Structures are given as C-alpha cells and as structure tokens.
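Enquirer: So you can see what is in the structure, the chains are spelled out below.
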Amino acid sequence: MAYKHYVLVCGGTGCESSKADDIFNNLKAEVANAGLENDVQVVKTGCFGFCEKGPIVKVLPEDAFYVEVKPEDAEEIVKETLVKGRIVKRLAYADESGKTSAIPEEIGFYQKQMRIVLRNCGLIDPEKIDEYIARDGYAALEKVLFEMTPDEVIEEMKISGLRGRGGAGFPTWMKWNFTKQVESDVKYIVCNADEGDPGAYMDRSTLEGDPHSILEAMAIAGYAVGAQQGFIYIRAEYPLAIKRLEIAMAQAREYGLLGQNILGSNFSFDIEIRLGAGAFVCGEETALLASIEGKRGMPTPKPPFPAVCGLWKKPTVINNVETWANVPVIITKGGKWFASIGTEKSSGTKVFALTGKIKNSGLVEVPMGTTLREIVYDIGGGIKGGKAFKAVQTGGPSGGVITAKMIDTPIDFDNLIAAGSMMGSGGMIVMDEDDCIIDVAKFYQEFCVEESCGKCSPCRIGTRKLYDILTKISEGKGTMQDLDQLKEIGEAMKRAALCGLGQTAPNPVLSSLHYFYDEYLEHIQDKKCRAGKCKKLITYTINDNCRGCTLCARKCPVNCISGEVRQKHTIDATKCIKCGECMKNCKFDAIEKK
Amino acid sequence: MAKLTLEELRKMREAGKKQIDTRQTHGKEIFVVIGMGTCGIAAGAKSVLNAFIAKLDEKGITDAVVKQTGCMGLCHSEPTVEIKMPGMPDTIYGKVDAALVDQLIDEHILGKKLVSGHIIDRPAGDIMK
Ligand SMILES: Cc1cc2nc3c(=O)[nH]c(=O)nc-3n(C[C@H](O)[C@H](O)[C@H](O)COP(=O)(O)O)c2cc1C
Ligand code: FES
Numbered sequence: 001m002a003y004k005h006y007v008l009v010c011g012g013t014g015c016e017s018s019k020a021d022d023i024f025n026n027l028k029a030e031v032a033n034a035g036l037e038n039d040v041q042v043v044k045t046g047c048f049g050f051c052e053k054g055p056i057v058k059v060l061p062e063d064a065f066y067v068e069v070k071p072e073d074a075e076e077i078v079k080e081t082l083v084k085g086r087i088v089k090r091l092a093y094a095d096e097s098g099k100t101s102a103i104p105e106e107i108g109f110y111q112k113q114m115r116i117v118l119r120n121c122g123l124i125d126p127e128k129i130d131e132y133i134a135r136d137g138y139a140a141l142e143k144v145l146f147e148m149t150p151d152e153v154i155e156e157m158k159i160s161g162l163r164g165r166g167g168a169g170f171p172t173w174m175k176w177n178f179t180k181q182v183e184s185d186v187k188y189i190v191c192n193a194d195e196g197d198p199g200a201y202m203d204r205s206t207l208e209g210d211p212h213s214i215l216e217a218m219a220i221a222g223y224a225v226g227a228q229q230g231f232i233y234i235r236a237e238y239p240l241a242i243k244r245l246e247i248a249m250a251q252a253r254e255y256g257l258l259g260q261n262i263l264g265s266n267f268s269f270d271i272e273i274r275l276g277a278g279a280f281v282c283g284e285e286t287a288l289l290a291s292i293e294g295k296r297g298m299p300t301p302k303p304p305f306p307a308v309c310g311l312w313k314k315p316t317v318i319n320n321v322e323t324w325a326n327v328p329v330i331i332t333k334g335g336k337w338f339a340s341i342g343t344e345k346s347s348g349t350k351v352f353a354l355t356g357k358i359k360n361s362g363l364v365e366v367p368m369g370t371t372l373r374e375i376v377y378d379i380g381g382g383i384k385g386g387k388a389f390k391a392v393q394t395g396g397p398s399g400g401v402i403t404a405k406m407i408d409t410p411i412d413f414d415n416l417i418a419a420g421s422m423m424g425s426g427g428m429i430v431m432d433e434d435d436c437i438i439d440v441a442k443f444y445q446e447f448c449v450e451e452s453c454g455k456c457s458p459c460r461i462g463t464r465k466l467y468d469i470l471t472k473i474s475e476g477k478g479t480m481q482d483l484d485q486l487k488e489i490g491e492a493m494k495r496a497a498l499c500g501l502g503q504t505a506p507n508p509v510l511s512s513l514h515y516f517y518d519e520y521l522e523h524i525q526d527k528k529c530r531a532g533k534c535k536k537l538i539t540y541t542i543n544d545n546c547r548g549c550t551l552c553a554r555k556c557p558v559n560c561i562s563g564e565v566r567q568k569h570t571i572d573a574t575k576c577i578k579c580g581e582c583m584k585n586c587k588f589d590a591i592e593k594k
Numbered sequence: 595m596a597k598l599t600l601e602e603l604r605k606m607r608e609a610g611k612k613q614i615d616t617r618q619t620h621g622k623e624i625f626v627v628i629g630m631g632t633c634g635i636a637a638g639a640k641s642v643l644n645a646f647i648a649k650l651d652e653k654g655i656t657d658a659v660v661k662q663t664g665c666m667g668l669c670h671s672e673p674t675v676e677i678k679m680p681g682m683p684d685t686i687y688g689k690v691d692a693a694l695v696d697q698l699i700d701e702h703i704l705g706k707k708l709v710s711g712h713i714i715d716r717p718a719g720d721i722m723k
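In the order they appear, the protein sequences are chains A and B. Okay, so the first sequence: first residue is 1 according to the working numbering, each after it adds one. Okay, so the second sequence: first residue is 595 according to the working numbering, each after it adds one.
Hint data in this document are derived by calculation from the structure and do not stem from the laboratory. Computed from a predicted structure; not experimentally measured. A virtual CB, placed ideally from N, CA and C, is assigned to each residue, including glycine. Take these hints with a grain of salt, some might be off.
[What the hints assert, rightly or not] Covered stretches of chain A, going by a simulated chain B footprint (3 or more residues, C-beta under 8 Å):
{"hint": "1", "region": "50 to 63"}
{"hint": "2", "region": "361 to 375"}
[Said to hold, decoys possible] Not close to chain A: a few residues of chain B, all C-beta gaps over 10 Å, as computed:
{"hint": "3", "residue": "Ile624"}
{"hint": "4", "residue": "Asn644"}
{"hint": "5", "residue": "Ala648"}
{"hint": "6", "residue": "Lys649"}
{"hint": "7", "residue": "Gly654"}
{"hint": "8", "residue": "Asp657"}
{"hint": "9", "residue": "Asp691"}
{"hint": "10", "residue": "Ala692"}
{"hint": "11", "residue": "Leu694"}
{"hint": "12", "residue": "Gln697"}
{"hint": "13", "residue": "Asp700"}
Please build the complete structure, drawing on both the sequences and the hints.
Expert: Following this line, the structure appears as structure tokens:
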C-alpha cells in the first residue's frame, strides 16, 4: 500500500540546527491527530541546498515548497495542504518578483538550476544509444541533414548567441562561419576535452554522462562547415569518459549515425579519439592541434587562427565539450529559445564545478546572470562549518577572485572580465576566512610554473619570478618594492606572452593584489598571516591551560616540546616545523597559534 | 543491427519515448538507477550496484532492473540511487551504502514507504519535457 502524500522535512545540518527535528515531530503528531497515518508519510531528507531559507518542508505530490517553517506551522500545513489540498501561501517560497510556489505551473521554479548541458546526465544510461535517441537524441542531426542548409545551421547558431565555454567566450557561429568560408578539400572538427585546470571536472562528467550529445554536435558542425573528419582530444587520465566515448562511437557507427552516408543522406562524417598526456598547455588550441599532429604540444602565434589554418594546415573548428553539448538543443529547440535564457550578451547556461569550503560541493548548471550568492547560498548550501565567506576563485589558474562585495554581481563572461577574473572553464573554488589569499595565489602560480611549456620567456621566467616573490612574501621577507614588481611583471606577461597560459597566469596574483591589498600589507609590514596558513609567520605557544599530560610532546614529530609531567610544557620555536599536530591533539585547549 | 534509415530512427525515438513514459522496458516495473560517473564510482557506486543486484535476487524480486547513469552533479552525496516505480514518487537517495541498500529494498520497494534521512531533491527540472 502506498501513501497519498509525502511530507519531506529537511534534515540537513543547516535546517536541523534550526528546529527541523521539532517540525518533524509536530508534523507526525498532527498527521496522527487528523487520522491520516495511513495516507501520509513524514520523512526527513538530505539538504535542499537552500539552508539560507531553512528549515525547508516539501509536500509531494503537490510539490508545495515551504521555507522558514516553524514548529508551530505544522498544524496549518497538515490542515490546509494535506486535508484540504490547499497551499499555505504564507510559507510558500516567493522569488524577488513575488512568484510563489503556490502557482502549480511553476513547479520546481524555486530551483535555481537549469540543465541544458547536463540534460541527460543522471537520467540516461550513457552506454545505451537507444536511451539517448529516446530523449530526442540525433533529432538535431536529422533536422540539419534533411531540413536545413549549412547556412541555416550557422544562422541558427548566430541567433542562439552561444559563446565558447572553453574560456574565452568567442561566438561559436563566427568560428564555424570562418571555417565554412574557406575553400578547402579537407576540413576538421575538433572537440577540446583536455580540461586541465585544478578543480574543474564539468567536461569529464558531461562526456561520462552523455557522450552521444558531443558526437551529434560534432557531426552537425561537420555538415555546417563541410568537414568529414572529427577528433576528440581527451586526456588519458579520464579512462571512464574515454571508454564511454568509444562505446558511443561504435554504437553510432552501427546505426549509421556516424560513417558513410549518414541516415542515407550524402553526408559522411566520422570521429577519432586522440589521447593527451595531461599537460595544461595542450588545452590551448594551437598546442592541442600540434599534439594531435604528433608534435610536441607547444603553442604557435595566432593568427593564423585554427578556423582558417588549423590541423595539418587545414581549416579547423575547435570547440570545448560544454560548447558542443549545447548544440543539439539549439537546433531542436531553436536559437531563439536558447537566446531567451541567460543574459543579453551571454546566453544559455553555464556549468560550474563547485568545490572548496562549500557545504554541498558538486556540479551546478545555472542560467548565465545568476549571482554568486545564489550559487553559494541557494544551491551550495553556504559555507562549511558556518565560517565566513571570503572569496571565490573562478577561471582556475587563469582567473581571479570574486569577493564578498561582488557576491550579487550577475555572473557572465563580461562581468567576470570586468572584475579582473574570467569564466574560464567553470571551476569555482570557494574560500573561507581560513584561507590565505597569498597562499592561494602561490598555489596557482606554482601550477603555472610547472605547466609553462617554456617556449616564450615572458611566461617561463615571469611565472617563476612571480612565484619566488610570493614565496618571499609568505615567509615574511617581502618588501613594498615586491608589490610593484608583481604588478610590473604581471602586466608585462599579459602583453608579451605567446599564448593564453602566460597571458593569464598573472591573473590570480593581480586580482588578489587588487582586492586583498591589505592582506599583502599585513604579510609584509606586520609579518602576519591572518588565516594562519603561511607557516613562517605563525608561532605555536602553550598557555596556562596546560596540565602537563605530555601528549603533545609525544605527538610532536621533531621533539621540540619539553616539560615535566604535570608541569606546563614549552615549545622550542626554533625547532618547530608548524605542523599543528600538538594543537590537533591537545585535549585542554592549551596550544595557541598566532 | 543494420544502419538506420530516417524512418527507422524516427520510429525508434517514438517507441523509446513511450518506453520511458510507461517504463516498460524488458517488462520490468521497478527501476533502480545508480549514478556511475567517476565521482560516484570513487564513492563506492560499484559495490552499491552489486549489492542491489545480489539483494534483489536474494529476495526474489524479479520485476526490478538495475541500471547505470552518469553523474547527477550531487558529488557531496555520492553514491546516489534513484528508484522509480509505480505508486511511488521518483526518489533520489544519497550517500547509499550496502546497509542502506537492504533498507531501500525492504522499505521503499517492498514496503512502499520513503526511507527517512537520505532523500535528495532533484536539482533541476527536465528541459526535454
Ligand atoms: C593554457 C590554456 C589551457 C586551455 N585549456 C582548455 C581546456 O582544457 N579545455 C578547453 O575547452 N579549452 C581550453 N583552452 C581554450 C582553448 O584554447 C580554446 O579557446 C577553446 O578550446 C575553444 O573552444 P570554445 O570556443 O568552445 O570555448 C585553454 C586555453 C589556454 C590558453
Ligand atoms: S540543511 Fe536544509 S536546505 Fe540545507
């Protein structure tokens, strides 16, 4: 026997601490009072990601979404919604425009996410082409082959306003159009699945969850520009994505959706996979193409652009995985539909990999123009452990920080660039008060030092210089001239480096310097690291809480703690390596970090 | 399978759509869909999948099919499992382990009750609908 209604009470830590337990118990009692035990089940759920408006209660199948519920509201929810089938308007979530979840056709609108790229991820079996087909898969390819001219395809892409999701945000239709206009017997389509920046895994998940969408999109582009061969460049570190792509390609060939005369038309197109060894610079398009050609993955100056002179000097369309995943939907639902989502200059959605000090880490896909506050607090559930929000790094090693001040800025390509960051591929690393901004900048700079291909000196020497100066500052040896040097070197790299790696490598430094100048000053003038991350700037001491239990002395890996049993111990600061083991183990709060 | 003609592809799509709606693939009624992206697998999705197959078999439940899917994006709650069956709302459970598998089969599938504490809200509506 199944129930008629289900009442879901959020049992996430955010809501739990604000009386979700009492609400749960009251709801159960009220259901019993009304004699509905056999019709209604009250259960606890995991976090809705909406902790800011918690506690949350949701009623199924009505889909009533109640926010900021109090224990005393239980009676009304039961009497109104469960007995009479009416929504309690007072508790229903309303967005800024005053729409409430009481409007039935707006079901689910409280959800800030919209899944275009991830439309099939988590819904279909990625290893079964039939399931992709059943969700309008290959309907876009069918449409372009039998109902549209190549020019109409490009026009549809233009109307959609789709911009490249690989970082730079270049209009996709323009690339396609350049390639289309070049006369050439051979042209190529390439999918950039190198995805190498720390903290990003959107492309991998898309390929793992919906490989056919990429194949279909590449074939569509092939038709539009007149290419017959595609390559997917993917790092060998992504074995599951590779396996699923291979399965998908074999199935598509079997069905005649790849190969000669697709669906009986006179269009032929096939795709091959090329594995990358995992160098960040190979994500840069000219280096990537060199790598496919079997050469060392190093960038070449642009122009000529790949669209005109790319793989084996032939016109080549190269797009990012997420860019590709949007294409079939644009064709089936129309460019106009797509353009209506997001902001005027950045249409559609963006997938972000939300990681760091966030309660609910994961992949989120939101319309462009969503604010950082909505992503962090309404989807991500806020900062872990109730700490204070400090900043978010977007764009990985090529991007910069967005601070608390900008938390209400709508996120799109142009706003991020104006803020000194960039969209990048969509990594979003959340920092809290325990993160040191210099430490973070140093981390990214170290990454760039290692990943610089060494071909041009602004990048090879510049990244090393920036890293050395940051290290010096983090050790309390920085001077005010160092700050000027950071800026000078950074600006020079932006202008002189050969490829995007070197041109954007100074971004994390320059943006943190701009927004957290006072923290740099503290490190230099006061020799202090407020987050307690820069080891050279902190000291551990033992206070009077010490009972002389000797635990810390036994845990210390370098034996720098001494003292008699039952006497206060002391730390020899000259030997201490600041590992924090003593503090972690002390049961009496006797260790202080300054 | 030979290469498809346009006609055949269209037929297949329509037939597939009906199957999704009525959920009658292979004549099964109950679907257990497990998130098998890299993050899900890293969190133990494979052993959850095996546990479901073994336990369903053990309990003699023959009208259920266990399937895999990609990542739902709920990395904080992996492994995730969605159960779809007649008479119950489609439900996503997070942080599923072998012990919970038992409970999901006994309470959700056989008892037709939701299992408290592990339910997760679907993150977004379906644009394909
Ligand atoms: C150092 C560096 C690394 C890059 N890594 C990637 C990557 O991993 N994936 C990607 O799609 N684009 C990457 N790009 C951007 C590509 O050069 C190129 O702009 C992109 O593939 C174009 O596709 P889109 O127009 O669809 O964005 C990188 C660029 C630079 C400079
Ligand atoms: S804990 Fe309830 S919404 Fe997050």
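Enquirer: Compare the structure with each hint and give your call.
Expert: Hint check results:
| no. | hint | in the structure |
| --- | --- | --- |
| 1 | 50 to 63 | holds (count 3) |
| 2 | 361 to 375 | holds (count 5) |
| 3 | Ile624 | holds (13 Å) |
| 4 | Asn644 | holds (17 Å) |
| 5 | Ala648 | holds (20 Å) |
| 6 | Lys649 | holds (21 Å) |
| 7 | Gly654 | holds (20 Å) |
| 8 | Asp657 | holds (16 Å) |
| 9 | Asp691 | holds (14 Å) |
| 10 | Ala692 | holds (19 Å) |
| 11 | Leu694 | holds (12 Å) |
| 12 | Gln697 | holds (12 Å) |
| 13 | Asp700 | holds (15 Å) |
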